[in-house]
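Visitor: In case you want the letters, here they are:
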Amino acid sequence: MATEHPTATVPGDQTRIHNIGYRSYDGPRLGRAYARRSLYSQSLRGAYGLGRSAKSKVLPMLLFVVMCLPAGIMVAVAVATKANELPLDYTRYAIVLQAVISLYVASQAPQSVSRDLRFKTVPLYFSRPIETADYVRAKYAALASALFILTAAPLLVLYVGALLAELDFADQTEGFAQGLVSVALLSLLFAGLGLVVASVTPRRGFGIAAVIAVLTITYGAVSTLQAIADVQDSSGAVAWIGLFSPITLIDGVQSAFLGATSAFPGGAGPSNAEGVVYVLVTLGLIAGTYGLLMRRYKKVGL
Amino acid sequence: MGVTVIVTESLSKRFPRVTALDRLSVDIGPGVTGLVGANGAGKSTLIKILLGLSPATEGRAEVLGLDVATKGADIRERVGYMPEHDCLPPDVSATEFVVHMARMSGLPPTAARERTADTLRHVGLYEERYRPIGGYSTGMKQRVKLAQALVHDPQLVFLDEPTNGLDPVGRDEMLGLIRRIHTDFGISVLVTSHLLGELERTCDHVVVVDGGKLLRSSSTTDFTQTTTTLAIEVTDTDEHPDGTRAVRDALHARGVTVEDGSGLPGAGHILLLTAAGDETYDLVRDVIADLGLGLVRMEQRRHHISEVFKDNDAARKEAVGHGN
Ligand SMILES: Nc1ncnc2c1ncn2[C@@H]1O[C@H](COP(=O)(O)OP(=O)(O)OP(=O)(O)O)[C@@H](O)[C@H]1O
Ligand SMILES: [Mg+2]
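Sequence lines, in order, name chains V and Z.
Residue numbering for the first sequence follows full-length UniProt numbering, beginning at 1 and increasing consecutively.
Residue numbering for the second sequence follows full-length UniProt numbering, beginning at 1 and increasing consecutively.
The shape of chain V in the complex, shown without the other chains (with noise of 0.2 Å):
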């Protein structure tokens, strides 16, 4: 009876695969700074899915196409036909593709931060040199300039179209610089609602469908009210109402300050006076929202 014992390992044996001698790290340490940028332009670059699966570029460049094609066909239009003006407005541009740009929020956001949380990657960056502002900063940056590239574009385009249209220099160059500030503006505001939505939600289907509910229903509510006042012809109060959407908001400050037209009902925006409040409380959503991560993230140990 020769039974075959299960031979046992040879010590050494499944040491000797790896050995391929180890060589130290005596190169620089770039510390702190180096690793937020780096983690910004790893988020940034993953907010149009590149660095990630072929699946996870899909649904964002699909986006910046649609947001960009409008604008092509406008320019193509405007140089065949000779127009002497665009048929839209820089700063009218972003308002009107507000879908697509809240569709982006809702599905960038959650990729952006959720995924952090629920496969628990943020107690492993704080072991690293970076603290939760620099987490917080790095991860807001990027969601805004992902945003500032995706409204932006289309504006260049339109520029870039209406110079070859040879639509009056000086105009068109004020016009594209408002639309900029504009579009700033909105992509900061955007990317921290949706920041700090999805960083309470660890489940990205949630996060997905609470960024969509947060800036439709807003607006949805606040364009029926502001037609209600406006058929009982109280146009002080459609300006009011319009704070309380984030859309409108940036509709409100720019049609105030940035030679934008109101896509109020009635075309009644801000006035100037209403516009600073307009101004006032974007920006204290902003702060408010950074203010809202870092208390999130404090909370985040490992």
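None of these hints come from the bench; they were simulated from the model.
It cannot be assumed that every hint is accurate.
Said to hold, decoys possible - Straight-line C-alpha distance at most 20 Å; calculated PhoX-like pairs for lysine-lysine:
#1 Z:Lys-141 <-> V:Lys-298
#2 V:Lys-299 <-> V:Lys-120
#3 V:Lys-120 <-> V:Lys-298
#4 Z:Lys-71 <-> V:Lys-120
Computed from a predicted model, the values in this text were never measured in an experiment.
Starting from the known structure of chain V, arrange chain Z with the ligands on it as the hints suggest.
Guide: For chain Z with the ligands alone, kept in the frame of chain V given last:
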């Protein structure tokens, strides 16, 4: 003794309902140190304090000569950390993830990529490193977690339960790797486990904590110097269908007491005897050769270490009983 890598003085951490660490004073030198304790003993809490991420309630601690209360960021640049929980995003590849963590530790882009390739190879991940982590086995995930802790070539790594969830083979490989982190890479290690037994082969030094209190801190040779148990396993032949029994009888005849390794894996085929020195090894070799059997394995087992733990445990239970 040599340089101190970790020192704590009367370190305590109290949560509203529990005392996780209770006036813990230890002094840990270079090498591989095991931190052993049951669930809730305070192991992970100690690591968080040592990383400068959670303030101690009282007492002080230094890591690599840096105070944890004030120099947390400096400490975190020089140490690596492998958490006990999952921390890997499933939709990126091991390479992407480890490069990113290298940069988060301050390595410039090129160095981050080079060191990632090296480190993944050292922990034994090859082609699969380009595939998304979501499809990895537990053993492979543990290796990725280990790689991200080593990628920036730290002076010290904290490994929180690295053998968690691994099968016996994976466990042995992980322990082998941990040993090499010190011997080949020159990095000191603090590794936690709730199994004292598995750290005895791997560690130079073992710290045992229980209920946040220090039970014992000593080098593994202290634990085991009193006796060395020799485990042997032999083949059977036609002449000796039960080779194990034949060896036992032959050794008995020469006055050596032999136990069968009941309770151990492969019991019935394994014989345990106390080695008195080189002559014991010679004797075993001669006996087996005379019988014409093959030696499958002969290895040292250090049993004493677990007995130390058991004794202390029993003593503590008693003390608790009296206290009530
Ligand atoms: N943030 C916290 N708040 C309250 N209690 C905590 C907290 N973290 C840990 N504890 C408690 O402190 C004690 C020690 O926990 P710790 O996680 O350090 O144990 P451990 O030795 O790592 O255990 P395990 O083997 O289960 O990982 C436990 O009783 C735990 O419940
Ligand atoms: Mg633990």
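Visitor: What hints, given by number in increasing order, does this structure fail?
Guide: 1, 4
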